[in-house]
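Please build the complete structure, drawing on both the sequences and the hints.
There are 4 protein chains.
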Amino acid sequence: MTKKLWGGRFKKKTDPDFFEFQKSIQYDYKLAKYDIYHSQVHIKALKAAGMLTLAEAKRIDTALNHILVQVLSGGFKPDLSCEDIHTDIQNKVEKAVGKLAAKLHTFRSRNDQVAFDTRYYCEDTMKSTATLLKTLILSLESLADKYKGSLIPGYTHTQRAQVVYFKDYLGAFSLMLGNDCQRIDKFLKGNSICIGSGALAGQYSFLLDKYKKILKGSKIKIPENSLENVSNRDFVIEALSILSILQMHLSRLAEDFILYSTKEFNYLDLPEEFCTGSSLMPHKKNPDFLELVRGYTGRIYGNLISVLTMMKGLPLTYNRDMQLDKEPLFSSVEIVQGELKILARFIKGIKLNKAAIDRALEDESLYAMKLMEYLVREKKVAFKDAHDIVGKLIRYSEENDRKIKDIEAGSLKKISPHLDRKIIERVFR
Amino acid sequence: MTKKLWGGRFKKKTDPDFFEFQKSIQYDYKLAKYDIYHSQVHIKALKAAGMLTLAEAKRIDTALNHILVQVLSGGFKPDLSCEDIHTDIQNKVEKAVGKLAAKLHTFRSRNDQVAFDTRYYCEDTMKSTATLLKTLILSLESLADKYKGSLIPGYTHTQRAQVVYFKDYLGAFSLMLGNDCQRIDKFLKGNSICIGSGALAGQYSFLLDKYKKILKGSKIKIPENSLENVSNRDFVIEALSILSILQMHLSRLAEDFILYSTKEFNYLDLPEEFCTGSSLMPHKKNPDFLELVRGYTGRIYGNLISVLTMMKGLPLTYNRDMQLDKEPLFSSVEIVQGELKILARFIKGIKLNKAAIDRALEDESLYAMKLMEYLVREKKVAFKDAHDIVGKLIRYSEENDRKIKDIEAGSLKKISPHLDRKIIERVFR
Amino acid sequence: MTKKLWGGRFKKKTDPDFFEFQKSIQYDYKLAKYDIYHSQVHIKALKAAGMLTLAEAKRIDTALNHILVQVLSGGFKPDLSCEDIHTDIQNKVEKAVGKLAAKLHTFRSRNDQVAFDTRYYCEDTMKSTATLLKTLILSLESLADKYKGSLIPGYTHTQRAQVVYFKDYLGAFSLMLGNDCQRIDKFLKGNSICIGSGALAGQYSFLLDKYKKILKGSKIKIPENSLENVSNRDFVIEALSILSILQMHLSRLAEDFILYSTKEFNYLDLPEEFCTGSSLMPHKKNPDFLELVRGYTGRIYGNLISVLTMMKGLPLTYNRDMQLDKEPLFSSVEIVQGELKILARFIKGIKLNKAAIDRALEDESLYAMKLMEYLVREKKVAFKDAHDIVGKLIRYSEENDRKIKDIEAGSLKKISPHLDRKIIERVFR
Amino acid sequence: MTKKLWGGRFKKKTDPDFFEFQKSIQYDYKLAKYDIYHSQVHIKALKAAGMLTLAEAKRIDTALNHILVQVLSGGFKPDLSCEDIHTDIQNKVEKAVGKLAAKLHTFRSRNDQVAFDTRYYCEDTMKSTATLLKTLILSLESLADKYKGSLIPGYTHTQRAQVVYFKDYLGAFSLMLGNDCQRIDKFLKGNSICIGSGALAGQYSFLLDKYKKILKGSKIKIPENSLENVSNRDFVIEALSILSILQMHLSRLAEDFILYSTKEFNYLDLPEEFCTGSSLMPHKKNPDFLELVRGYTGRIYGNLISVLTMMKGLPLTYNRDMQLDKEPLFSSVEIVQGELKILARFIKGIKLNKAAIDRALEDESLYAMKLMEYLVREKKVAFKDAHDIVGKLIRYSEENDRKIKDIEAGSLKKISPHLDRKIIERVFR
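The listed protein sequences correspond, in order, to chains A, B, C and D.
The working numbering puts the first residue of the first sequence at -8, with every later residue one more than the last.
The working numbering puts the first residue of the second sequence at -8, with every later residue one more than the last.
The working numbering puts the first residue of the third sequence at -8, with every later residue one more than the last.
The working numbering puts the first residue of the fourth sequence at -8, with every later residue one more than the last.
By construction, these hints were calculated from the structure, which means they are not laboratory data.
Computed from a predicted model, the values in this text were never measured in an experiment.
One thing to keep in mind: the hints can contain errors.
With a straight-line cut-off of 27 Å between C-alpha atoms, the simulated DSSO-like cross-links for lysine-lysine are [claimed, not checked]:
id: 1; chain 1: D; residue 1: 158; chain 2: D; residue 2: 139
id: 2; chain 1: A; residue 1: 139; chain 2: B; residue 2: 212
id: 3; chain 1: D; residue 1: 177; chain 2: D; residue 2: 94
id: 4; chain 1: A; residue 1: 254; chain 2: C; residue 2: 361
id: 5; chain 1: A; residue 1: 118; chain 2: A; residue 2: 317
id: 6; chain 1: A; residue 1: 254; chain 2: A; residue 2: 158
id: 7; chain 1: B; residue 1: 370; chain 2: B; residue 2: 405
id: 8; chain 1: D; residue 1: 345; chain 2: A; residue 2: 4
id: 9; chain 1: C; residue 1: 371; chain 2: D; residue 2: 49
id: 10; chain 1: D; residue 1: 139; chain 2: C; residue 2: -6
id: 11; chain 1: D; residue 1: -5; chain 2: C; residue 2: 361
id: 12; chain 1: B; residue 1: 332; chain 2: B; residue 2: 139
id: 13; chain 1: C; residue 1: 404; chain 2: D; residue 2: 94
id: 14; chain 1: A; residue 1: 24; chain 2: A; residue 2: -6
id: 15; chain 1: D; residue 1: -5; chain 2: C; residue 2: 210
id: 16; chain 1: D; residue 1: 413; chain 2: D; residue 2: 371
id: 17; chain 1: D; residue 1: 94; chain 2: D; residue 2: -6
id: 18; chain 1: C; residue 1: 3; chain 2: D; residue 2: 361
id: 19; chain 1: D; residue 1: 3; chain 2: C; residue 2: 361
id: 20; chain 1: C; residue 1: 342; chain 2: B; residue 2: 332
id: 21; chain 1: D; residue 1: 3; chain 2: C; residue 2: 383
id: 22; chain 1: C; residue 1: 339; chain 2: B; residue 2: 2
id: 23; chain 1: B; residue 1: 370; chain 2: A; residue 2: 38
id: 24; chain 1: A; residue 1: 49; chain 2: A; residue 2: 4
id: 25; chain 1: C; residue 1: 180; chain 2: C; residue 2: 207
So the derived label-pair ranges between C-beta atoms look like this [said to hold, decoys possible]:
id: 26; chain 1: B; residue 1: 342; chain 2: A; residue 2: 72; range: 45 to 55 Å
id: 27; chain 1: D; residue 1: 209; chain 2: C; residue 2: 181; range: 19 to 29 Å
id: 28; chain 1: D; residue 1: -6; chain 2: C; residue 2: 350; range: 35 to 45 Å
id: 29; chain 1: D; residue 1: 402; chain 2: B; residue 2: 133; range: 29 to 39 Å
id: 30; chain 1: B; residue 1: 63; chain 2: C; residue 2: 350; range: 29 to 39 Å
id: 31; chain 1: A; residue 1: 41; chain 2: D; residue 2: 136; range: 52 to 62 Å
id: 32; chain 1: D; residue 1: 420; chain 2: A; residue 2: 215; range: 48 to 58 Å
id: 33; chain 1: A; residue 1: 212; chain 2: D; residue 2: 11; range: 44 to 54 Å
id: 34; chain 1: A; residue 1: 181; chain 2: B; residue 2: 122; range: 15 to 25 Å
id: 35; chain 1: C; residue 1: 412; chain 2: D; residue 2: 11; range: 36 to 46 Å
id: 36; chain 1: C; residue 1: 181; chain 2: B; residue 2: 402; range: 51 to 61 Å
id: 37; chain 1: B; residue 1: 402; chain 2: A; residue 2: 212; range: 37 to 47 Å
id: 38; chain 1: C; residue 1: 332; chain 2: B; residue 2: 332; range: 30 to 40 Å
id: 39; chain 1: C; residue 1: 332; chain 2: B; residue 2: 3; range: 49 to 59 Å
C-beta atoms are modelled at their ideal positions from N, C-alpha and C, and glycine is treated no differently.
The following block contains the structure:
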């Protein structure tokens, strides 16, 4: 059984170090399922074209199904001495049906297979990512619901700005993640899994016609332009871009929750089972999960730039460089899915620390806008002037280290004739 | 007239170096048009809410329209001493209507304005990018049509593979660019331009209700979650991702055309008016345009990574970091549009060099697949065996430095009993 | 006067849109100084080789010096209709000396000039960056000195860990920036500014010999391999890498200072003249300078990836893509220098908020390590056991909402027989 | 035996999914050697400080040495259920010496260990990278020597420029790689492997003093500032930057050799044992090795951007994000070393195709500069005019499809009175 699908014209044996360097089985075995799907369509076409008898087709198909069952049940063991998953499956079929297996690869190119397999992988994993996102959104919504009456300080520039509902704060993240779902939906609509490119010039028409019949009603298509199909890795980059934006959202949530769980903010109590300690300092309870989520942003961006750079300036059509799309793709999918899975449970375990939040809500500057509204709407002060008055009031309060609600009438009047104790008491309670 | 829209609570004057460092007017003046649109909606709402009289609203609106006309006619001059475009327009209105202008910014936040403006900018420029793409596709199609019967060698691994139609080769690029158009369409569908976030906590409901009425039927919306809206720069990253994939396509076209216009390939004659010479070497005719297109890929990717990195780990909601989304966005839009404009005319000027292509098409290896097909379909040789036979035939031809069509019958038989002179003559003419 | 230095073999005129697209004068005018240096060496060599008379050389040199004075005094005005700075200077010399100017470009290539100019630019600007770094370090040291006895909580995982000196905390940043200086020093040692590559194949030896004589004792060199010299942009990438690490340091300082100036931490009082307010919320005092510093990290990384990507896979020797190294280089240099300049003064304006820090220092967990030390060194408890004991003590304190120093003897004993009131009083005061 | 080195203060058990998510043993086992070195220094210090008896220290040291032997002989098996390599080694020591092992981690922090280990890893692997580079340079030099008299066309803009020696062409690459070696040397000089930071605040002085004595004369140091030391990942980014520039050089060599081994250029014959074929097209001999080298550029750049992004804006001091530096670092080191190893042998197998090169050298435009030189130096034609004359001569030759050396005297004179048959014959043979 050979470990590669080519070699007739070569006199010299492949250098073993180079063989190791160039092979992909150690990661592309993850495409096994999709590669079998490709083979099953191809077998049908060969049979329809009279290149396989019914009995032959059945034997090969049975062998393929047997491998598929292993894949689906988690029992598939790639032969790591093979060049790639295509060769591995070819060999496994040969083990089952003998020399007949050779016919499986008739008029087929790995360029076509790998485009098919990788698109199919994206289809499946982007779908499952959307499902995980939805679970996470439900978690956020359930936390929001639990604390639906709670207020927290809202921030701009990490400085207190205005009071907002905690549920609206969480709602901002739900919306971001909902937008990520929509991006995935749009991706899936545009993702067309194709069979029939040959190496570049397209499958022979006597087989292509059979493909068409077989695929009627299926989501798998005949490529519009075979040269384009074997050259195309847009879908990998699109998936990595979507995951990058999603990961950016997670990094912001992580950053905020790290902040809110410091002793200084102290708004959130993080679930202990998702925190870690220190081997030196016994008092530490660290938000490692959130830090890793934040840190993985580097990896997800790096994977995107990796594939973009790899594709830069590649001549048409297929080039071997393109094999290197898979590890970054798999890495980003697996990292993001791992984060989402844990995050959904992490969120559920979060508790709001009401006492600390209530202390923060006593900060009078959070109510500056209420005073602004009063001055503008009821006292008909021009907005710009009101802005000035409130700014000066706050400065006075800070400089004299006195709460606004404790400033006496005389001082208020000096700041502005529009101010009096009644207003102040109404706004700052 | 002040150069910034804040300051009441500050005792010290802004440091002038810092003021220069932080201001954005030198690039965000490109948002003038959209900022005026925002103001015009806001004015209507203020009027409806009774915070401006009809006459006041009219005066401000007239002033805004006057500035808008300047913008649209190219006559708008930003005042570079202002902090940003919002301040500049505010000041220009003040020049026209005096102190009344102060009311324009009533209960409005630049956080809301800049989100609105930037989304609107993306809307407009992504639309015009799609138009430019369509023009380029037409150019490619017209070149394809001109040479519709022409064959060229098709490549994988930059090595000759099989003969393909030049029109199909160009069609691969047309399809890539068509896919870029589809990505833009999907972007536009998802891009929701919003007004009404306030600084973070949302516009006061007495104004929000007016917005809603005013915007009925318009594509502008009230934000679903105001915290999210002022925090969101997904649309910038999405646009930069789409432009990165598009640019990657252009880099591949550039690479191929650079190759095909070398003396060694010599398939294409590039239009002289888009080539440059050397100040030292008088014989040079260099494909500089294509090289710059290829080289700009770095810039476009860099702009994407710039905004992704900037957004990493930002706490909610608005942070000043986010101001730095604009230069990369503008840069990518302007570079890609510049390339597309010239490329459409460049493509039209390309000539196919038939003589050189015909010489290349004499390469017998290009017809190996025809022999494969014959052996498999007519001689019923197993595909794997046919692959082996043809591989050996080519090796024989190379080792003996003899054309396949000149190999005599005896040698053919030694390579394989399936080979004979008749077949060889049929396949390799 | 022509606007470009080539064209004899071209029948068609350069397309005006393409001319605009490809020209570089709008940014490479910043290389004027260095380009004049190149010309001055070349003039001397031409004279020595008998290709210019003494009088001719003098006239050209005087014209060059005249332009140089304008450059140094800030009065240089690039002619934006020229192709590049080389052409602009050539033309300006022509304006001064007439047709004789044509001899200046004898046997010279812009490939050689631009490599020389850009290396020289890096030399100068990396030197001045080091100077700015040193000023910033002095600022940090002076702040450290001002508060040399002050303690603050030290953090890991943004959670309080152990008490540290504020001066050591600042010292960490000084050391980072000192390491940046060392990286610049190493860069400068390796940066060899070369003249004499020609377009690629090297200057003619009759001129090269003259260069050698002229440059004896100068830091400018003859290229070791001319093909390499015109192909090389390593120095740009090295400079951008150094600036990226430096910028990463600044982003961490910015992040920490943003955190420490929140109302929640409140350790630092930022200088008002470097903060900004809100156009809507009158109470805001935002750390915009620090946010912009943090945000610019995206730009600096993006510029690095831009040049790395541009250089990927470029065939030898010079390609026009390489022109696109300059904007990212200039951008990173200017941004970083802008930040460093302001930051040095910003740091000086920072005030430590002792009251808030003292409150934080009351946090007993900060002294857990002192208790650990006591248990291990004086009570000979195994480290692992001591870790356990202190961990439980802290848990007890949290669960019972009681200060460690208030836990009564009985409870201490239950946690561990090694604990007693005396120890607790000593450690937690 | 526990799988993690902390936990006393935690009531809840670590979530098993989170434990899997956060652990690093699956990759940081590569640091085993260095972690043992750290332990061995620490053991000595504990003994010197009287915290271990001589016998205890010996027993632990023997156990560590035993593990070290396994690491060095390739027989080390990490326990993948541990949290990290520090825990794994701690546990393996415990297996050997029982409860005594607990003393090994006395007053030690993994923050200090991991900084030490990773710096040491960089030291070792950058050194071995330099060795591999030198071997590759020798290969290039031996190829250059083999073909030392051979000329090839030199290129700018992928267009033929001037004739150059093949050995000089290869010399350009040797020089690039030599510069990479120098960058590594500088890196090694600046890389200071430190022990003694504690978690952040520095090792207790009673141990630090012992470290100092033990390390006298060693290259290992006490950290200048412990806060900085546990916060620092500059050395990882520096290493990744150096590898990025090196990889960029390899990508250019790959690109050139891919080009030169096309049928169209045909200058190089690549060693068959490093090429691959097609499973569909029997005639293909593809330069897959070179394509993978070119393609891996994406990965190497992506790894750099990954760590840069991860470090952006991290507060002092250690954060868990920083654990994510290792996979990108290991990945880049392993990829580049893999490439270098094979490339050195690949280069040796390259053959120059003299016939094809000789045909290319017949291209008359390659000698345009010789005619320029003649006109300028011997005929005293101004350079600019000579440039014009030669440009027109080439245009004439192209338009009339006639070799320059075949243009008759009359036509030459019409192009320029400076041209005649004698000159032409001398220059263009």
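Do the hints match the structure? See the list:
{"no.": "1", "hint": "D:158 to D:139", "result": "holds (6 Å)"}
{"no.": "2", "hint": "A:139 to B:212", "result": "holds (26 Å)"}
{"no.": "3", "hint": "D:177 to D:94", "result": "violated (38 Å)"}
{"no.": "4", "hint": "A:254 to C:361", "result": "holds (20 Å)"}
{"no.": "5", "hint": "A:118 to A:317", "result": "holds (18 Å)"}
{"no.": "6", "hint": "A:254 to A:158", "result": "holds (22 Å)"}
{"no.": "7", "hint": "B:370 to B:405", "result": "holds (17 Å)"}
{"no.": "8", "hint": "D:345 to A:4", "result": "holds (26 Å)"}
{"no.": "9", "hint": "C:371 to D:49", "result": "holds (20 Å)"}
{"no.": "10", "hint": "D:139 to C:-6", "result": "violated (42 Å)"}
{"no.": "11", "hint": "D:-5 to C:361", "result": "holds (23 Å)"}
{"no.": "12", "hint": "B:332 to B:139", "result": "holds (24 Å)"}
{"no.": "13", "hint": "C:404 to D:94", "result": "holds (24 Å)"}
{"no.": "14", "hint": "A:24 to A:-6", "result": "holds (20 Å)"}
{"no.": "15", "hint": "D:-5 to C:210", "result": "violated (57 Å)"}
{"no.": "16", "hint": "D:413 to D:371", "result": "holds (17 Å)"}
{"no.": "17", "hint": "D:94 to D:-6", "result": "holds (16 Å)"}
{"no.": "18", "hint": "C:3 to D:361", "result": "holds (26 Å)"}
{"no.": "19", "hint": "D:3 to C:361", "result": "holds (26 Å)"}
{"no.": "20", "hint": "C:342 to B:332", "result": "violated (55 Å)"}
{"no.": "21", "hint": "D:3 to C:383", "result": "holds (13 Å)"}
{"no.": "22", "hint": "C:339 to B:2", "result": "holds (18 Å)"}
{"no.": "23", "hint": "B:370 to A:38", "result": "holds (17 Å)"}
{"no.": "24", "hint": "A:49 to A:4", "result": "violated (35 Å)"}
{"no.": "25", "hint": "C:180 to C:207", "result": "holds (18 Å)"}
{"no.": "26", "hint": "B:342 to A:72: 45 to 55 Å", "result": "holds (51 Å)"}
{"no.": "27", "hint": "D:209 to C:181: 19 to 29 Å", "result": "holds (28 Å)"}
{"no.": "28", "hint": "D:-6 to C:350: 35 to 45 Å", "result": "holds (38 Å)"}
{"no.": "29", "hint": "D:402 to B:133: 29 to 39 Å", "result": "holds (38 Å)"}
{"no.": "30", "hint": "B:63 to C:350: 29 to 39 Å", "result": "violated (58 Å)"}
{"no.": "31", "hint": "A:41 to D:136: 52 to 62 Å", "result": "holds (59 Å)"}
{"no.": "32", "hint": "D:420 to A:215: 48 to 58 Å", "result": "holds (53 Å)"}
{"no.": "33", "hint": "A:212 to D:11: 44 to 54 Å", "result": "violated (39 Å)"}
{"no.": "34", "hint": "A:181 to B:122: 15 to 25 Å", "result": "holds (20 Å)"}
{"no.": "35", "hint": "C:412 to D:11: 36 to 46 Å", "result": "holds (43 Å)"}
{"no.": "36", "hint": "C:181 to B:402: 51 to 61 Å", "result": "holds (60 Å)"}
{"no.": "37", "hint": "B:402 to A:212: 37 to 47 Å", "result": "holds (45 Å)"}
{"no.": "38", "hint": "C:332 to B:332: 30 to 40 Å", "result": "holds (39 Å)"}
{"no.": "39", "hint": "C:332 to B:3: 49 to 59 Å", "result": "violated (19 Å)"}
In summary, the structure is inconsistent with hints 3, 10, 15, 20, 24, 30, 33, 39 from the numbered list given earlier, while agreeing with the others.
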